[in-house]
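Novice: Listed below are the residues making up each chain.
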Amino acid sequence: MTATQSLTELHSQVQHFYAHQMHHLDARRFEEYAATFTEDGVFQHSPGAEPAVGRPGIVEELVNFHKKFDGDPVTRRHWFNQIALDPQDDGTVKSTVYALVVTVRPGGKPEINPSCTVHDTLVVNGGEVQLKSRLITHDQVF
Amino acid sequence: MTATQSLTELHSQVQHFYAHQMHHLDARRFEEYAATFTEDGVFQHSPGAEPAVGRPGIVEELVNFHKKFDGDPVTRRHWFNQIALDPQDDGTVKSTVYALVVTVRPGGKPEINPSCTVHDTLVVNGGEVQLKSRLITHDQVF
Amino acid sequence: MTATQSLTELHSQVQHFYAHQMHHLDARRFEEYAATFTEDGVFQHSPGAEPAVGRPGIVEELVNFHKKFDGDPVTRRHWFNQIALDPQDDGTVKSTVYALVVTVRPGGKPEINPSCTVHDTLVVNGGEVQLKSRLITHDQVF
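Chains as they are written, first to last, in the UniProt record's numbering: chain A, 1 to 142; chain B, 1 to 142; chain C, 1 to 142.
Any given hint could be a false lead.
A pair counts as met if it fits within one copy or between any two copies, since identical chains are not told apart.
Capping the alpha-carbon separation at 30 Å, the derived lysine-lysine pairs in DSBU-like fashion look like this [claimed, not checked]:
(1) LYS132 - LYS67
(2) LYS68 - LYS109
(3) LYS109 - LYS94
(4) LYS94 - LYS132
(5) LYS132 - LYS68
(6) LYS67 - LYS109
These aren't lab readings, by the way, just hints derived from the structure by calculation.
Model, not experiment: these values are computed from the prediction.
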């Protein structure tokens, strides 16, 4: 985060970053999703999982995760809300976000599950936001 | 979209535009909803429907659609999320948005259905956003 | 709201204010939640309730309200959306917001209930937003 950029602008920018990122994920554009991380980015989709490190590793993790939907005509929509930013002394920005996953199948009703909290560390350079790390915790699991 | 306006500012502005627009819709202020479109705006609330063209046509479409709620003490709330903007070469801005409709009746629990994607083309002049066209696709229908 | 601040900036700033505020509430940091109100702030969480006035009164109200969750391993997440701002002649800003409460228990699925509308009056000085009053109406109750 540069000194000249206000937290207000940053909040808007991060929201927009997340919007594009989640459109990529839900359309299963995993390369594009992975490209939102830094080269050495870390992605841990649940506290018990082994973290994926680096873009190729993140793509692999997502491909493996989505195998369970093979032959399943499901649409998933990731909703983010209440994005709270906390700039850190090292120039990174902590971002804590509520997330819900909306799951829909043909002819069905949306199921909204799980409820998660996303713990991101962002690197921001001018107009560009990148994810240094993402850890997701789940409200259903204590 | 003018050259001097950043995408960051635009994202915030479009969010606010949608907030007021959905408050109008859910309060059934159809004239105000239609006024958020350009004079020749196009509104197609599902891929199979005939598009409504122009503000009077949009009002008529909404009046007809809401007849099914006559005598039904229902409250509807349109939730928008993950607003992804893509400026086009012709100066318009494509906006792709997740939407959920929350439906509540007295003494009941909120039902959240359907899950949709909103495909908007926006015209932005300085501080003013207008809808040139809106097409809504539904996740339940393939 | 100062003359030099645009509504666009303000919208982003208010979103961020709400994000931090709801993280405080859901983590039961009631002192921090109350500190988002002005000294003489008024908080009425439903139209029939007696309003709590002032920060100590707001803390007390929240402590009392949450006693019903004693021994209940529940996580609550307040989701805000469609934040519509209307600056007033007296310099305050009216903010009308949709809200859903997501409730989760270990091993369970998220329950989304109730659906509310938040009616806020905000005082904004430069970078600082404070709540002068908050009244919450519920869609289930007419």
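Novice: Now tell me, hint by hint, if it's right for this structure.
Specialist: The hints, checked one at a time:
In the homo-oligomer, the alpha carbons of LYS132 and LYS67 lie at most 30 Å apart inside one protomer (26 Å), although the nearest pairing across protomers, at 39 Å, exceeds that limit. Taking identical chains as interchangeable, the C-alpha atoms of LYS68 and LYS109 lie at most 30 Å apart whether they share a chain (20 Å) or sit on different chains (20 Å). For the homomeric pair LYS109 and LYS94, the shortest alpha-carbon distance between copies (28 Å) is at most 30 Å, but the shortest distance inside one copy (35 Å) is not. In this assembly of identical chains, LYS94 and LYS132 lie within 30 Å of each other by CA distance both inside one copy and across copies; the values are 10 Å within and 29 Å between.
Taking the closest pair of Cα atoms, LYS132 and LYS68 come within 30 Å of each other only inside a single copy of the chain (27 Å); across copies the shortest separation is 40 Å, beyond that limit. With identical chains, the CA atoms of LYS67 and LYS109 are at most 30 Å apart both within one copy (23 Å) and between copies (23 Å).
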